[in-house]
Every structure is written in C-alpha cells, then in structure tokens.
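Chemist: Residue-level listing of the chains:
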Amino acid sequence: MTIIREIIVALFIIGGLFFYVVGAVGLIRMPDVFCRMHATTKADTFGAGLVFTGLIIWQGFTFVSLNIFIVMVFIWLTMPTAAHAIAKSEYINHHHDPEEAGE
Amino acid sequence: MRASLKGGIVTLFVSLFAFWIILASRITWPQLVIGALASLLIVLYSLDLIFKNTEKSSFSWRLPLRFVWLCLILIKEVFKANIVVAKLVLSPKMRLNPTFKSIPQPLKKDFNRAFFGNAITLTPGTLTIDMDENEILVHGLLPENIDQIEKGPIQKAFRRLEGDLDD
Numbered sequence: 000m001t002i003i004r005e006i007i008v009a010l011f012i013i014g015g016l017f018f019y020v021v022g023a024v025g026l027i028r029m030p031d032v033f034c035r036m037h038a039t040t041k042a043d044t045f046g047a048g049l050v051f052t053g054l055i056i057w058q059g060f061t062f063v064s065l066n067i068f069i070v071m072v073f074i075w076l077t078m079p080t081a082a083h084a085i086a087k088s089e090y091i092n093h094h095h096d097p098e099e100a101g102e
Numbered sequence: 000m001r002a003s004l005k006g007g008i009v010t011l012f013v014s015l016f017a018f019w020i021i022l023a024s025r026i027t028w029p030q031l032v033i034g035a036l037a038s039l040l041i042v043l044y045s046l047d048l049i050f051k052n053t054e055k056s057s058f059s060w061r062l063p064l065r066f067v068w069l070c071l072i073l074i075k076e077v078f079k080a081n082i083v084v085a086k087l088v089l090s091p092k093m094r095l096n097p098t099f100k101s102i103p104q105p106l107k108k109d110f111n112r113a114f115f116g117n118a119i120t121l122t123p124g125t126l127t128i129d130m131d132e133n134e135i136l137v138h139g140l141l142p143e144n145i146d147q148i149e150k151g152p153i154q155k156a157f158r159r160l161e162g163d164l165d166d
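Protein sequence lines, in the order shown, are assigned to chains A and B.
With numbering that gives the first Met the number 0, the residue at position 67 of the first sequence is 66, and numbering never jumps.
With numbering that gives the first Met the number 0, the residue at position 156 of the second sequence is 155, and numbering never jumps.
Just chain A, with the same shape it has in the complex (with noise of 0.2 Å):
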C-alpha cells in the first residue's frame, strides 16, 4: 500500500518539476515581456500546485498538510497578482496608448 502511494507521489512531483522546467526554457525561448511572463507565471504556478499536492499526499491529512494546502492557496493567489502588476507596467511603459491596443 505504501508502495503505491510512494509512486503517487512520486508522479505527483516529478510533473511539478517537469512543469517547472517548462517554465525556465520558456522564460529564455519567449520572445518578449509578456510572453515571458506566460511561461514563468503559469508552469511555476502549476508545477507549486503538483509538488504541493505530492506532499500533501505524502503527509496525510494532519495539521501539516493543512499548512502546505494554505501555502498552496496563497501562492496560486498571489502568483496571477504579481504577474498583473508586472504585465500593468510593462504595458504602461511601452505601449503608451492604452486606447489603440483594444482591437
């Protein structure tokens, strides 16, 4: 039984950090800000929630796995909030007619 729950949570982990490492060749492959920004935000975002939820599994329901189910749930709130202000900025600074980008 451990056995399978040990794979489990080795699958688990291993996707988060396959997700990860997506997300580093995306940051240098993209071409510009904002498509950096797809690559980092998102495969990190997701690779935290794969690893997390590993662990979580790994631990069993205790007051530990509640404390990684918190992290989890701050990181996936301020991950997207970071990468607004970041995209925000960046829009701001360098295409300065926020009007003629609406088509």
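None of these hints come from the bench; they were simulated from the model.
Built from N, CA and C at the ideal position, the CB exists for glycine as well.
Hints may contain errors.
[Unchecked claim] Non-contacting residues of chain A with respect to chain B, defined by C-beta distances greater than 12 Å in every case (computed):
#1 2
#2 3
#3 6
#4 8
#5 9
#6 20
#7 41
#8 54
#9 56
#10 59
#11 68
#12 89
[To be verified] Straight-line C-alpha distance at most 30 Å; calculated DSS-like pairs for lysine-lysine:
#13 A:87 to B:155
#14 B:155 to B:86
#15 A:87 to B:92
#16 A:87 to B:5
#17 B:75 to B:5
#18 B:79 to A:87
#19 A:87 to B:150
#20 B:86 to B:107
Position chain B relative to chain A; hints supplied.
Modeler: Positioned in the frame of chain A, the structure of chain B alone reads:
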C-alpha cells in the same frame, strides 16, 4: 448596517482564529488564548477596513457549492491549458501569435471581477493586463487561448456564481 458590522467582525475573527490554529499546529490552552487575543487585536485594529463591502448578497448554500464547482472547473482548465502551453514551449518552432484583445466584462461584483482576472492569468496562454467596468484587456499567446476565455467554461462558471446564469 449594524448587522453587517457585527457579521463582518465575527467573520474576520473566526477566520483569523482558524488560520492561527492551523499555523500553530497544536491545540493547547496557551495557544488558544494567545490566538484569540491576537485575532481580537487585529480585528480592533482593522475595524475601519472591514465594512467597505456594501454589495449586499443573500447567503444561500448554493453559493459555496457553486464556488467549489468553479474551483474544480478552474483546476481542470488550468491542467488542460498547461499541457497546451508546455507543448508550445517545447516544440522546436514556437508558433506564437501574441495578441492583445479587449473582451467584454461579464461580471458585476468587485470580488468576482478580481477573482476572474486572477483566473484568466492562471489559465496558461492568457494574461490579464487591465480591467474596468466594461472590458478586460487580455494578452494571449495565441488568439485561440483568448477565445477559450471569452466563451469557455470558466467564464460560464463565474457567471453562474454571480447568479447571472442558471445551472
């Protein structure tokens, strides 16, 4: 007004106290007393911040259910779209077509709008740049990604949360 004040105090206190207990990881009397005192202090300190929310909403059990449903849909969509973007990033020729697009704002409540903006950013391939009462400015890696947001299940789930759409 008075009722909403009391409700706000109780909600904030209970959530802070629950948060403290989870962080403290053990339930003993000193922990509980310190936690209750700290929560009370924070509630008193932020009294003038709590009650800005004037948007009245009648509570029903369907709301949390819809919220959970929304979170499940969001996780599913994030999962699907992450695979698409991972394929895109790892393919030898990245066929990107970065696009800005304004999509109409489907929601009315501020909280839901902020949450929707975050959900758009969480969904890979799309990024919220700016938002006001009428429209949301979205940047997409591919135009299809934006179409997915504009007509996809996430937006429907949000409108259902707001009671705009029946289930």
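Chemist: For every hint, state whether the structure bears it out.
Modeler: Do the hints match the structure? See the list:
1. Look at residue 2 of chain A: its CB is around 26 Å from the nearest CB on chain B, clear of 12 Å, so calling it non-interface holds up.
2. Distance check for residue 3 of chain A against chain B: the nearest CB is about 22 Å away, which clears 12 Å, and the non-interface claim stands.
3. With a minimum CB-CB distance of about 20 Å to chain B, residue 6 of chain A clears the 12 Å threshold, and the non-interface call stands.
4. With a cut of 12 Å on Cβ distances, residue 8 of chain A stays outside the contact zone with chain B, its closest approach being about 18 Å.
5. For residue 9 of chain A, the requirement that its beta carbon stay farther than 12 Å from each beta carbon of chain B is met, with the minimum near 19 Å.
6. For residue 20 of chain A, the shortest C-beta to C-beta distance to chain B comes to about 9 Å, within the 12 Å cut-off, and the non-interface label is violated.
7. A beta-carbon of chain B is positioned within 12 Å of the beta-carbon of residue 41 of chain A; the least distance is around 4 Å.
8. The claim that residue 54 of chain A lies off the interface holds: its Cβ sits roughly 15 Å from the closest Cβ of chain B, which is beyond the 12 Å cut-off.
9. Distance to chain B confirms residue 56 of chain A as a non-interface residue, since its nearest Cβ pair spans about 16 Å, more than 12 Å.
10. Interface exclusion of residue 59 of chain A from chain B stands, the closest Cβ pair being 14 Å apart, more than 12 Å.
11. Distance check for residue 68 of chain A against chain B: the nearest CB is about 9 Å away, which does not clear 12 Å, and the non-interface claim fails.
12. Not every C-beta of chain B lies more than 12 Å from that of residue 89 of chain A, the closest at about 9 Å, which undercuts listing it as non-interface.
13. Pair hint residue 87 of chain A plus residue 155 of chain B holds up; C-alpha atoms about 26 Å apart against a cutoff of 30 Å.
14. Distance restraint check for residue 155 of chain B and residue 86 of chain B: the Cα-Cα separation of roughly 27 Å lies within the 30 Å cut-off, and the hinted pair is therefore satisfied.
15. Between residue 87 of chain A and residue 92 of chain B the CA atoms are separated by roughly 28 Å; this keeps the pair inside 30 Å, and the hint holds.
16. The straight-line distance between the Cα atoms of residue 87 of chain A and residue 5 of chain B is roughly 37 Å, outside the 30 Å bound, and the hint therefore fails.
17. Of the pairs offered as hints, the one joining residue 75 of chain B and residue 5 of chain B is violated, with about 38 Å between alpha carbons and a cut-off of 30 Å exceeded.
18. A distance of roughly 26 Å separates the Cα atoms of residue 79 of chain B and residue 87 of chain A; the hinted pair therefore holds under the 30 Å criterion.
19. As the CA atoms of residue 87 of chain A and residue 150 of chain B are separated by approximately 24 Å, the hinted pair is consistent with the 30 Å bound.
20. Annotation: proposed proximity of residue 86 of chain B to residue 107 of chain B is violated, straight-line Cα distance about 35 Å (limit 30 Å).
Taken one by one, the earlier hints fail for this structure at numbers 6, 7, 11, 12, 16, 17, 20, listed in ascending order.
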